[in-house]
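Residue numbers (this note's numbering), protein chains in the order written: chain A, 1 to 393; chain B, 1 to 393; chain C, 1 to 393; chain D, 1 to 393.
Hint data in this document are derived by calculation from the structure and do not stem from the laboratory. Be careful, since some hints might not be right.
Copies of the same chain are indistinguishable here, so a pair counts whether it falls within one copy or spans any two.
[To be verified] Calculated pairs, SDA-like style, for lysine to any residue (alpha carbon to alpha carbon, straight line, at most 20 Å):
1. Lys148 <-> Arg26
2. Lys148 <-> Glu304
3. Lys183 <-> Pro315
4. Lys148 <-> Gly52
5. Lys183 <-> Glu96
6. Lys148 <-> Glu248
7. Lys183 <-> Ile92
8. Lys183 <-> Trp324
Each chain is listed here by its residues.
4 protein chains.
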Amino acid sequence: MRAGRPLGVAVIGYAFMGKAHSQAWRTVASHFEVPDFERTVLVGRDAEQVAGAAQRYGWAESATDWREVIARPDIDVVDICTPGWTHAEIAIAALEAGKHVLVEKPLSNTLQESEAMVAAAAAARQRGVVSMIGFNYRRVPALAQARKLIRDGRLGNIRQIRASYLQDWLSDPEAAMSWRLRKETAGSGALGDIASHAIDQIRHLTGLDVADVSARLKTFVPERPGPGGPEAVTVDDAAWLTLGLRGEAAGDGGAIASVEVSRVALGRKNSLRIEVYGSAGALAFDLERLNELEFLDGTDPVEEQGFRRILVTEPEHPYLSAWWPQGHVIGWEHSFTHQIRDFLVAVDEGTQPSPSFEEGLGVQAILDAAERSAASGGAVVVPASVPTKQQEA
Amino acid sequence: MRAGRPLGVAVIGYAFMGKAHSQAWRTVASHFEVPDFERTVLVGRDAEQVAGAAQRYGWAESATDWREVIARPDIDVVDICTPGWTHAEIAIAALEAGKHVLVEKPLSNTLQESEAMVAAAAAARQRGVVSMIGFNYRRVPALAQARKLIRDGRLGNIRQIRASYLQDWLSDPEAAMSWRLRKETAGSGALGDIASHAIDQIRHLTGLDVADVSARLKTFVPERPGPGGPEAVTVDDAAWLTLGLRGEAAGDGGAIASVEVSRVALGRKNSLRIEVYGSAGALAFDLERLNELEFLDGTDPVEEQGFRRILVTEPEHPYLSAWWPQGHVIGWEHSFTHQIRDFLVAVDEGTQPSPSFEEGLGVQAILDAAERSAASGGAVVVPASVPTKQQEA
Amino acid sequence: MRAGRPLGVAVIGYAFMGKAHSQAWRTVASHFEVPDFERTVLVGRDAEQVAGAAQRYGWAESATDWREVIARPDIDVVDICTPGWTHAEIAIAALEAGKHVLVEKPLSNTLQESEAMVAAAAAARQRGVVSMIGFNYRRVPALAQARKLIRDGRLGNIRQIRASYLQDWLSDPEAAMSWRLRKETAGSGALGDIASHAIDQIRHLTGLDVADVSARLKTFVPERPGPGGPEAVTVDDAAWLTLGLRGEAAGDGGAIASVEVSRVALGRKNSLRIEVYGSAGALAFDLERLNELEFLDGTDPVEEQGFRRILVTEPEHPYLSAWWPQGHVIGWEHSFTHQIRDFLVAVDEGTQPSPSFEEGLGVQAILDAAERSAASGGAVVVPASVPTKQQEA
Amino acid sequence: MRAGRPLGVAVIGYAFMGKAHSQAWRTVASHFEVPDFERTVLVGRDAEQVAGAAQRYGWAESATDWREVIARPDIDVVDICTPGWTHAEIAIAALEAGKHVLVEKPLSNTLQESEAMVAAAAAARQRGVVSMIGFNYRRVPALAQARKLIRDGRLGNIRQIRASYLQDWLSDPEAAMSWRLRKETAGSGALGDIASHAIDQIRHLTGLDVADVSARLKTFVPERPGPGGPEAVTVDDAAWLTLGLRGEAAGDGGAIASVEVSRVALGRKNSLRIEVYGSAGALAFDLERLNELEFLDGTDPVEEQGFRRILVTEPEHPYLSAWWPQGHVIGWEHSFTHQIRDFLVAVDEGTQPSPSFEEGLGVQAILDAAERSAASGGAVVVPASVPTKQQEA
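Construct the complete structure from the given sequences, taking the supplied hints into account.
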């Protein structure tokens, strides 16, 4: 699709995620072997603000009309960092225009939109166009190392997974109303925003399929101050799920995962905790200490068994040989750097990176089942079956 | 009921719990002001073994017939440490004989038996006879301190409670079949054995009522070796509950608790973890580090907020002035010492100690609701209403 | 020395250490196989108070004259829990009277007294009389397990040891003057009181000899309130030592230990921390979490290396099979229970328990060298050579 | 010195430190308000390699002759990332050429060279030329927050500081000989390399002066494989220091700091741990968890006191408002980003940034005193007095 020239990259959106992706685009080529690319254009609705952001974050240009940008022949990659309700329209248009697409999670806010995106990605794939959804935590080295241990069988048959994602930025009842707290714009609350990360990890770490879902949702602060007075919060503050899991990694006697997420858990700032218990070993991780992985080897002599705190900063660990000497910890932002590295390599090789849109749709189907379960009193619900196009790293 | 002579004490059962209680009976008077008592008799089925145990643990006599023992006029207190299926018969007989009764948890294996025990306790109470169920973790100083902080309003309105109790002694599929793994003898598995502790704590710490229960149960190892070959395990290895909570401590917008328990969580030995999140503060506790309590004060300036690791060994902390200087940690066994101290004081004062049989029945009703929810696919179930006789410490 | 009757035991002193030893004497026979003994008499200066203590702690009698007690033919064991300045007189008299002696650390307050005690112990040993000094932390299971790992070569050649013992009970300048703060009665401050524990551990864990000592001492609060006004504190609040170590466990390229102790380290309550670094592994321990041992096995693959948090509560761990099921933590007090168990077994077998008086003298010689080094500006000093009579467990 | 054009920046050196500084230069303007600058040229000895590095790290040009580069009129800033033995020559030349200079620590390998650099910096300062030494850990947000707490008096009078910096990259005796292990090229071993960081922090956090120094040095692996066979290691593997401290922050009863550093502490990767104990509070920090600060407020009620784990990621924390939302941790590299931000602001404002060359010389004088103390058996040595030009942030 291009001959000899660097890939042209456009990022749509310049808020939190646009800033994080920009930092990754800026940094990736210093530390990893990737195909040549140019940071061509940053796109946003407010001309002045996006121009300032483009300058700060190192984009050659800025623009306000994403349709014009994806029509440009010098743009090869479209990286979508806008809110979820806009994902489907932009991603489908970009794929149809033959652009490689990286879209932030969630894939979209509705199952229908997500299905349309999957169809567009499948069609584009036939034409050599690559697509990926941004579950960036897959590229946290400690979690990549965790996956390796599980896939190498070091945990034996997986039995129980405990996942939680706790934050507290909505703990204060006076925290202002926003688009993230309205069902129409956000789809859901903590469920879609952060349970989605936990669910993707559970599937990615273990390879297990989610056979059924039970859930409970709760909104602790039902009204929040808006510009003209109190407004109703129409999404969940917190969610509790259990997932029935099936697959080879479970033996297959089946496994169970619990997922608890909250944006009002006072004192927890960005704590995605994952514990995995198998018949031969166990793992524990906390995103607030993302350079660490705890691993218990159940085959050690019993008097020497214990969770090892592995500082995942050795050259032997995933992604780490590109960075600093051992013990020099990296930050949250580099999950994005690694994601873009893997995306670019896939674009270059013409392979499908993981997580695919199909994998993103799979997460949406589980979230949808959770909402249906919660609405009906918590009884287990089977998620809609989805096409699978998992190309494992 | 007695004049001038020390209380005569009988303990029924000399296995794990009988040993733990014996250590507490042996120790309590060295460290606490309690009414005079004598360690009169230890009761068990095997005459030789119980005689040996009585000698080791410091009981004046041993006996094999609990009925004879509770008939003795020199016995004032009966402490029941036998398996759950025997509790009702012994406790009711002892109460009817006018003996003060301390019974290990669970109150019994069935709701019906528990209800009969409550009736017997209520009748005995009219005659000045005291009864108590042994949820010993209420007397872990760090948890008693946690309760104080909650009751003092330091957490604001309670929103979320995360409780888990993880062990691994059944992780090995070759661990032998036993009475604890049969529904007829044990009632349930991890649910009754350890979720009961977590549920009692949730209620005790917060004072909230359980309005509804959703649950999932799982047996990971369906067969285990018995003397004559493989036998079916008929209880759960692990259980997941969510509890809808109501009450003043929640505001009352309601609160939600999650409870996850397992006896196959490899690497966790006796890890009862409890996290409580409120609108103004948060707490965390782990029984494997039972001298510690983590407390976050949400009213601290934001740049100084953090979970404080309080070493609960100061004279100002509950029960601790009786022990060693600050920093000299105590062991699990002294939850029993403190329990017997509080029980003896109540006997002396003729007051009802907490937890009462009614409180024990309340836990049983929640476990029963959990079993019914799990059997019906996880939808929420309302626990049977139970008489309440909570006399708070 | 006795025929068929239980050993008669006398404890001298009923304050903090007398209470801790009494709890151990009370408990040991319930959990360990030990020769028969009777808790005969508790000795103290105040007749009324010692009588109360004897009753509380379970001693058959009380007495006020230790000389009379050690003269009694029904006393076989004398356990000395009085302040350090009284140790020599009592211990020597008891040994000469043919009594087995357990003496609390420090052996005494001066090198001369300690040497006399060693001579008495050596003479008594010839007559089958056993003696021991109470460095109780040797009997903390996690430290006993640490020693086993080191002795099994799991750390390779020992290189560095970092030991600290931090408390804060003297942090407040208004904390009252006491005998512990006067050189005449206490010998030294944090140095003798708590550095002695650290030094004993360093030697015990590794078997290395202390070749030289460099030290610095500091008194942060030079005056404290006494009954009649401010009084001068004449001992150290804190001490810093480095020890040059020699021996087979070091290779013998020599090893270095640092020791830092304080009674004014605000927020540390009873934190004896020990880290041992070798060529093949490493260990870390903290007395505030005394059921845990951290162990790093340097022969693990580098991407799986990490400090393992071993919960030292398995039946396979030292002393633990006598106690509770795995994960049920024990308290500080049972270091004394284990000490008395080992002492009684040695009395029964007629063997020399460790630590011997010679070992206690060795610690005193190192403390003496530290004081001399500090007095002369910190240059290294060689400790006086001492007889060695280490009989390893 | 320039009119209207961006500052031209040259970095000398493209190895570990050159890479880290380059990442900071690349990133700083995206996140902080800084004067305009251009990443003009990267300088190294090997033309091909430095050209590759310049391209990867985003420098417009590369060059091999640092003298030519500092002579260029378009270069305003020289950032020196070469080994210590080259610092003096380059820095002095650059300052004399009127360039602002940032030099990596150590200032140089000898006191004499460092004194010449200080003289050059002082002279240049008269001409408005700015200079700074790169003790980057001052810009770790958690340590900057620690300093704020100390300077605000939250710890009361400082008494004890425990600092250690433990690494293990030389633990393996087969790790190869290098310039860092020869006295001629490295000056010293762990002492200059990492104790320097600890010493700078002690002074920076507290503002206390080092009155005297006692030290011990040790080389555990005396020979290492070189290209032609074993070669002698002529620097220390580990060092132990105590520092007598004086100043207002101590009350001024004086304070004591201990410093222990090692490059053979197996299992510790990059663990700069600092604990500060005062009369009213205490702090603890570990560089392996650099987003966290532990703080104990001694004025809290005793039953609620404990070390708080503050996750230093709030907008209210130093440097953090520029980064991500709370809880999204940053990496080691951004200590350099913040350093360059502060350096650039000082250049723009014409103020002297801290740490100055004088402060760097102060550290060198303490290291020199440590070497002299160690050589003479450990007795305390008074460091050479040095000019002070501390301009506090």
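Verification of the hints:
no. : hint              : result
1   : Lys148 <-> Arg26  : neither (28 Å within a copy, 33 Å between copies)
2   : Lys148 <-> Glu304 : between (23 Å within a copy, 11 Å between copies)
3   : Lys183 <-> Pro315 : neither (44 Å within a copy, 28 Å between copies)
4   : Lys148 <-> Gly52  : neither (42 Å within a copy, 33 Å between copies)
5   : Lys183 <-> Glu96  : neither (29 Å within a copy, 60 Å between copies)
6   : Lys148 <-> Glu248 : within (16 Å within a copy, 40 Å between copies)
7   : Lys183 <-> Ile92  : neither (23 Å within a copy, 56 Å between copies)
8   : Lys183 <-> Trp324 : neither (43 Å within a copy, 25 Å between copies)
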